[in-house]
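> In case you want the letters, here they are:
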Amino acid sequence: MNINMTLIGQTIAFAIFVWFCIKYVWPPISNALNERQKKIADGLDAASRATRDLELAQERAEQTLRESKEQASQILEQANKRSAQMIEEAREQARAEGERLMAGARSEIELEINRAKEELRAQVSHLAIVGAERVLEASVDEKAHRELLDKLAAEL
Amino acid sequence: MAAGNEVSTTYYIQHHLQNLTFGHHPVNGWSLAHSAEEAVEMGFWAIHLDTMGWSIAMGLLFIWLFRKAGKAATTGVPGGLQNAVEMVVEFIENLTRSTFHGRNPNIAPLALTLFVWILLMNTLKIIPVDYFPVLFSKLGVDYMKIVPTTDVNATLGMALGVFGLILYYNFKVKGVGGFARELSLTPFNHWALIPFNLVLEVVSLLVKPFSLAMRLFGNMFAGEVIFILIAMLPFWAIWVLDVPWAIFHILVVTLQAFIFTVLTVVYLSAAHEHH
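Quick mapping for you: the protein sequence lines, in order, are chains A and B. This note's numbering puts the first sequence at residues 1 to 156. This note's numbering puts the second sequence at residues 1 to 275.
Chain A on its own, in the form it takes in the complex (with noise of 0.2 Å):
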C-alpha cells in the first residue's frame, strides 16, 4: 500500500463529481420530486373534495326526490278530491236537469189531460145534446138550454 498521489487525484474526483451532482445532477430530480409531490398533494385534496360534493349532490337529489314525492301525492290528492267533487257536482245537475225535465214533462200531461178533459166535455155536451135533440125531435132549443147544458158538461 503506498500513498501517492492517487491520494490527490482522487480528492480532485470527488470536489468535481460533488460541484457537477450540485450544480446539474440534484436540482431537476429534487425539483420533479417535490413538484410532483405538490401534484399528488392537490390531487389529493381534490379529490377529498369532490367526494364532498358527492355526498352534498346526493343528499340534495334526495331531497329533491322526497320533496317531488310529497309534491305528487299532493297534486294526486288534490286531482282526486277535485274529480270526486266534479262527479258530485255533475250528479246533482242531473238530477236537478232530470227533475226539471220530469216537472215540463208532468205539466205539459196534465196540459194534455186538461185539453182531452176539456174535449172530451166539450164533445160530450155536444153529444147530448145531439142525443137530447133526438130523443126531443128538435123540441129542445139550443140557444135557451145553453146554461143547463154547460152545468151539466161541468158535472161530467
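Quick caveat, the hints were computed from the structure, so don't treat them as lab data. We treat Cβ as the ideally placed atom computed from N, Cα and C, and that holds for glycine. Among the clues, some could well be false.
Said to hold, decoys possible - One-sided excerpt, in silico: chain B residues whose CB lies under 7 Å from chain A:
1) 158
2) 166
3) 167
Claimed, not checked - Distance condition first, Cα-Cα at most 25 Å in a straight line; then the derived SDA-like pairs of lysine to any residue:
4) A:23 with B:230
5) B:138 with B:28
6) A:38 with B:104
7) A:23 with B:138
8) A:23 with B:98
9) A:39 with B:97
10) A:38 with B:164
11) B:138 with B:230
12) A:23 with B:166
13) A:39 with A:53
14) B:172 with B:106
15) B:138 with B:8
16) B:172 with B:186
17) A:23 with B:95
18) B:174 with B:164
19) A:38 with B:93
20) B:138 with B:57
21) A:38 with B:83
22) B:68 with A:40
23) B:174 with B:184
24) B:68 with B:84
25) A:151 with A:112
26) B:68 with A:28
27) A:23 with B:82
28) A:143 with A:155
29) A:23 with B:186
30) A:38 with B:100
Using the hints provided, position chain B relative to the given structure of chain A.
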C-alpha cells in the same frame, strides 16, 4: 483460477493486490511499474492508473445515469430508471433531513454523490477477481486492481475532501474566532484546561477523515483478500465459499457506502452547529 502451478500462492495474492502504478522511477524514469518493488521505489510521485480510471469511470456512470434521469424527470408517472434514481434521491434526502440539522442545500447532493459513487466502486468487487487481471494481462498490462475502494489512496482521498469541507464549514459558520473557541473551550470550559481541550479536539478532528478512510478501506480490502483466497481453491470448491461471501458482500458493499455517507453528513452537521 488464473494462477498456474508455476505461480506461487504468495505471488498470486500479491499480484492481485498490486495497483497499476505509473510514476517516476529513480532508474527507469517516468514509466509503469513492472513489479511491486518498482512501485514502492517510485515514492509519492506515482499514480495508480487502475484506481483513478475505475473510480472516474464509476463517477461518470453515476453522473450519466442520474443526469439522464434528471433531464427526463417529469411530474408524471416515472419510468424504471427514473423510479430507481428517485428512490435513491429520496432516501438520501430523508437521511440528510434527519441527520443534518443546519440549513445547507449542498449537503444532500454531496451525500448523494458519496453514496452512489462509493456504492458503484464497491460493487466492482462482485466481479470475479480474476476477470480483469487476466483480460488486461492478455492486453499486455501487468496489473489491474479494479476496486478503487480497496486502495487506501482512494478512500483517504475522498476522506480528505470531506475533511476540507468540515474545515471550510467550520470556518464559514463559526468564523475563525468561533472555531478556535470551540477547539479550546470544549469539552471543559475553563481557561486552565485550554491546552488539554486543544489536544483533545484537534485529535478528534484529525481522526475523523482517517476513521472514514480506514473503515471503508479496511472492509473492502479484507473482503478482497478473502475473495482472492477463495479463488485459489480448486475450481469445483470455489462456488461453495464464493457465493455466500459474495451474497454477504452485497450487504457489506451497501453498508460501507451508507456508513461513509452518514458519517460525512454527521461531521458536517457538527461543523454547522454553534455551541
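> All hints, please: hold or fail.
Now for the hints, and whether the structure bears them out:
| no. | hint | result |
| --- | --- | --- |
| 1 | 158 | holds (5 Å) |
| 2 | 166 | violated (14 Å) |
| 3 | 167 | violated (13 Å) |
| 4 | A:23 with B:230 | violated (43 Å) |
| 5 | B:138 with B:28 | holds (24 Å) |
| 6 | A:38 with B:104 | holds (22 Å) |
| 7 | A:23 with B:138 | violated (41 Å) |
| 8 | A:23 with B:98 | holds (23 Å) |
| 9 | A:39 with B:97 | holds (22 Å) |
| 10 | A:38 with B:164 | violated (37 Å) |
| 11 | B:138 with B:230 | holds (23 Å) |
| 12 | A:23 with B:166 | holds (20 Å) |
| 13 | A:39 with A:53 | holds (21 Å) |
| 14 | B:172 with B:106 | holds (14 Å) |
| 15 | B:138 with B:8 | holds (20 Å) |
| 16 | B:172 with B:186 | holds (19 Å) |
| 17 | A:23 with B:95 | holds (20 Å) |
| 18 | B:174 with B:164 | holds (15 Å) |
| 19 | A:38 with B:93 | holds (16 Å) |
| 20 | B:138 with B:57 | holds (21 Å) |
| 21 | A:38 with B:83 | holds (17 Å) |
| 22 | B:68 with A:40 | holds (24 Å) |
| 23 | B:174 with B:184 | holds (14 Å) |
| 24 | B:68 with B:84 | holds (12 Å) |
| 25 | A:151 with A:112 | holds (23 Å) |
| 26 | B:68 with A:28 | holds (10 Å) |
| 27 | A:23 with B:82 | holds (19 Å) |
| 28 | A:143 with A:155 | holds (19 Å) |
| 29 | A:23 with B:186 | violated (36 Å) |
| 30 | A:38 with B:100 | holds (24 Å) |
When held up to the earlier numbered hints, the structure conflicts with 2, 3, 4, 7, 10 and 29 and fits the remainder.
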